[in-house]
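Chemist: Sequence:
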Amino acid sequence: MDTNLPLRSGISDIEWEARIDLAAAFRLVDMHGWSDLLATHLSARVPNTDDHFLINPFGMLFEEITASSLIKIDGDGNILSVSAYGFNPAGFVIHSAVHTARNDAMCVFHTHTEAGVGVATQEEGLLPFTQHALAVLAHTGYHDYEGIAMDVDERAGIAHDLA
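One point on numbering: in this note's numbering, the residue at position 125 of the sequence shown is 125, and numbering is uninterrupted.
Please note that the accuracy of each hint is not assured.
[Claimed, not checked] Have a look at the derived ranges for each label pair, beta carbon to beta carbon: (1) Glu17 / His139: 39 to 47 Å; (2) Gly59 / Gln131: 25 to 33 Å; (3) Asp153 / Leu38: 20 to 28 Å; (4) Ala105 / Asp30: 19 to 27 Å.
For the record, the hints were derived by calculation from the structure and aren't laboratory data.
Heads up, the beta-carbon is just placed ideally off N, CA and C, and yes, glycines get one too.
Construct all of the structure, not just a fragment, from the sequences and the given hints.
Modeler: The following block contains the structure:
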């Protein structure tokens, strides 16, 4: 299956730049060992649009993702670009919640790093033990796990829990 569809000709320069940056982010996440197969997803808002964002193709390894293979979807989950792949429904719920609630959020990374999982499993969350923790503590929000985020109704709770 050709995973590098020739999309460039139909995409604005500003969207293409966002695609290149997001594809590079996938490579970095993979390089650092944070890809976690299907449970990790990244997205980027398409500049100059109200509710369009780019997200990884479901089932494609992060090391395979290119600017052309990213899927453009809207806030309702409609696919707006040609792709041989679908997208992760849980990824859609999480990313559409953030992109809808926060117009200033140009990208969203949902990962399961060892450090992130370690903090998430503590009842107290991130503790103010280091300068690094203190730098982000006031901007950290928590959303209690409700199971895999497959229900679009969970978006309201995710948006509410953003810092």
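Chemist: Take the hints in turn and mark each one as holding or not.
Modeler: Structure-based check of each hint:
no.: 1; hint: Glu17 / His139: 39 to 47 Å; in the structure: violated, 26 Å
no.: 2; hint: Gly59 / Gln131: 25 to 33 Å; in the structure: violated, 40 Å
no.: 3; hint: Asp153 / Leu38: 20 to 28 Å; in the structure: holds, 22 Å
no.: 4; hint: Ala105 / Asp30: 19 to 27 Å; in the structure: holds, 22 Å
In this structure, the hints that do not hold are numbers 1 and 2, in rising order.
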